[in-house]
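Protein chains in written order, with this note's numbering: chain A, 2 to 123; chain B, 2 to 123.
In short, the hints are calculated from the structure, not lab data. Idealized CB from N, CA, C, for every residue including glycine. A hint or two may mislead.
Using C-beta positions, here's what the derived DEER-type ranges look like [said to hold, decoys possible]:
| hint | chain 1 | residue 1 | chain 2 | residue 2 | range |
| --- | --- | --- | --- | --- | --- |
| 1 | A | Gly29 | B | Ala97 | 36 to 44 angstroms |
| 2 | B | Asp123 | A | Gly55 | 33 to 41 angstroms |
| 3 | A | Trp122 | B | Ser73 | 15 to 23 angstroms |
| 4 | A | Lys87 | B | Glu91 | 34 to 42 angstroms |
| 5 | B | Lys76 | A | Lys31 | 15 to 23 angstroms |
| 6 | A | Gly92 | B | Ala97 | 43 to 51 angstroms |
| 7 | A | Gly79 | B | Asp84 | 18 to 26 angstroms |
| 8 | B | Arg117 | A | Leu78 | 34 to 42 angstroms |
Which bits of chain A does chain B cover? Going by a derived footprint, with three or more residues having C-beta under 8 angstroms, they are [stated by the list, open to error]:
| hint | stretch |
| --- | --- |
| 9 | 14-20 |
| 10 | 28-41 |
| 11 | 46-55 |
Residue-level listing of the chains:
2 protein chains.
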Amino acid sequence: MSDVTERTSDPLIAADRVTGTAVYNRAGEKLGTVDNIMIDKVSGKAIYGIMSFGGFLGIGENQFPLPWSQLSYDKRLGGYVVDLDKRVLEGAPSYARDDRFEWTPEYGRSVDKYYRVPSYWD
Amino acid sequence: MSDVTERTSDPLIAADRVTGTAVYNRAGEKLGTVDNIMIDKVSGKAIYGIMSFGGFLGIGENQFPLPWSQLSYDKRLGGYVVDLDKRVLEGAPSYARDDRFEWTPEYGRSVDKYYRVPSYWD
Numbered sequence: 002m003s004d005v006t007e008r009t010s011d012p013l014i015a016a017d018r019v020t021g022t023a024v025y026n027r028a029g030e031k032l033g034t035v036d037n038i039m040i041d042k043v044s045g046k047a048i049y050g051i052m053s054f055g056g057f058l059g060i061g062e063n064q065f066p067l068p069w070s071q072l073s074y075d076k077r078l079g080g081y082v083v084d085l086d087k088r089v090l091e092g093a094p095s096y097a098r099d100d101r102f103e104w105t106p107e108y109g110r111s112v113d114k115y116y117r118v119p120s121y122w123d
Numbered sequence: 002m003s004d005v006t007e008r009t010s011d012p013l014i015a016a017d018r019v020t021g022t023a024v025y026n027r028a029g030e031k032l033g034t035v036d037n038i039m040i041d042k043v044s045g046k047a048i049y050g051i052m053s054f055g056g057f058l059g060i061g062e063n064q065f066p067l068p069w070s071q072l073s074y075d076k077r078l079g080g081y082v083v084d085l086d087k088r089v090l091e092g093a094p095s096y097a098r099d100d101r102f103e104w105t106p107e108y109g110r111s112v113d114k115y116y117r118v119p120s121y122w123d
């Protein structure tokens with residue numbers, strides 16, 4: 002299916018091909034990429050986009066879970082746009098890529114609270 | 002994140018770990034596995050689960066796109082349940098895993114029509 006998902010005009014993307022989809026700020030500058038999506042098993046709905054910012058902000062290769070509501074897909078750019086200030090991202094919850102990271106309701110709530118969105122976990 | 006997604010009690014699953022989640026029939030017999038999920042880029046909602054049935058039904062390793070509404074997550078089983086007759090599956094739209102398969106609105110509509118669900122593409 003490699004043909005399909007590389008076409009930005011296609012409305013669907015295979016979950017295993019999400020990695021590398023670009024994330025931009027409102028000014029259209031590339032911030033990083035979506036590395037993964039956390040999906041609710043029951044509803045099939047994306048709850049968090051897991052982003053990395055590359056070297057941007059000196060954050061290195063940390064993984065930043067963003068509530069999905071913070072990500073808007075921009076067909077023209079072929080990627081997601083976040084309307085977040087640099088300082089907000091700098092202080093955002095993240096974890097090291099190599100961590101055997103454990104996703105808990107408490108962690109999820111702290112992420113949702115940070116971005117001031119209704120919590121998935123309540 | 003490998004620890005997390007292997008716990009069936011966790012409500013979230015990383016998109017890149019979906020591969021291999023079991024699919025059962027109503028009798029609790031394992032039919033096959035979810036190999037992938039096709040996600041709407043904008044809404045982040047799962048639209049199709051891409052299944053394979055292994056050797057079951059002699060269908061070999063074909064890929065079967067199922068409208069997500071046909072899949073119910075069963076926490077006890079730790080996998081998805083489909084309420085579909087063997088004959089329905091035998092005649093369902095599928096494509097070879099190695100095909101450079103092209104997902105078109107026409108193909109999507111044929112899948113939705115086959116399973117008699119409102120079409121994502123209309």
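Hints and how they fare:
1. Judged by the Cβ atoms, the range 36 to 44 angstroms given for Gly29 of chain A and Ala97 of chain B holds: they are separated by roughly 40 angstroms.
2. At roughly 39 angstroms, the beta carbons of Asp123 of chain B and Gly55 of chain A sit within the given window of 33 to 41 angstroms.
3. Distance hint check for Trp122 of chain A and Ser73 of chain B: the Cβ-Cβ separation is about 22 angstroms, which falls inside the suggested range of 15 to 23 angstroms.
4. Checked against the hint of 34 to 42 angstroms, the pair Lys87 of chain A and Glu91 of chain B fails, with Cβ atoms roughly 55 angstroms apart.
5. Between Lys76 of chain B and Lys31 of chain A the C-beta distance comes to about 39 angstroms, which lies outside the given range of 15 to 23 angstroms.
6. Between Gly92 of chain A and Ala97 of chain B the beta carbon distance is about 48 angstroms. The supplied range of 43 to 51 angstroms therefore holds.
7. Distance hint check: the CB atoms of Gly79 of chain A and Asp84 of chain B are about 37 angstroms apart, inconsistent with the given range 18 to 26 angstroms.
8. A hinted range of 34 to 42 angstroms holds for the C-beta pair Arg117 of chain B and Leu78 of chain A, which are about 37 angstroms apart.
9. Counting residues of the stretch 14-20 of chain A whose beta carbon lies closer than 8 angstroms to any beta carbon of chain B gives 6, which meets the minimum of three for the stated coverage.
10. Interface restraint, the stretch 28-41 of chain A with chain B: holds (5 residues with C-beta to C-beta distance below 8 angstroms; minimum three).
11. Remark: the stretch 46-55 of chain A is confirmed as covered by chain B, as 6 of its residues place a Cβ nearer than 8 angstroms to a Cβ of that chain, reaching the required three.
Violated hints for the displayed structure, listed by number in ascending order: 4, 5, 7.
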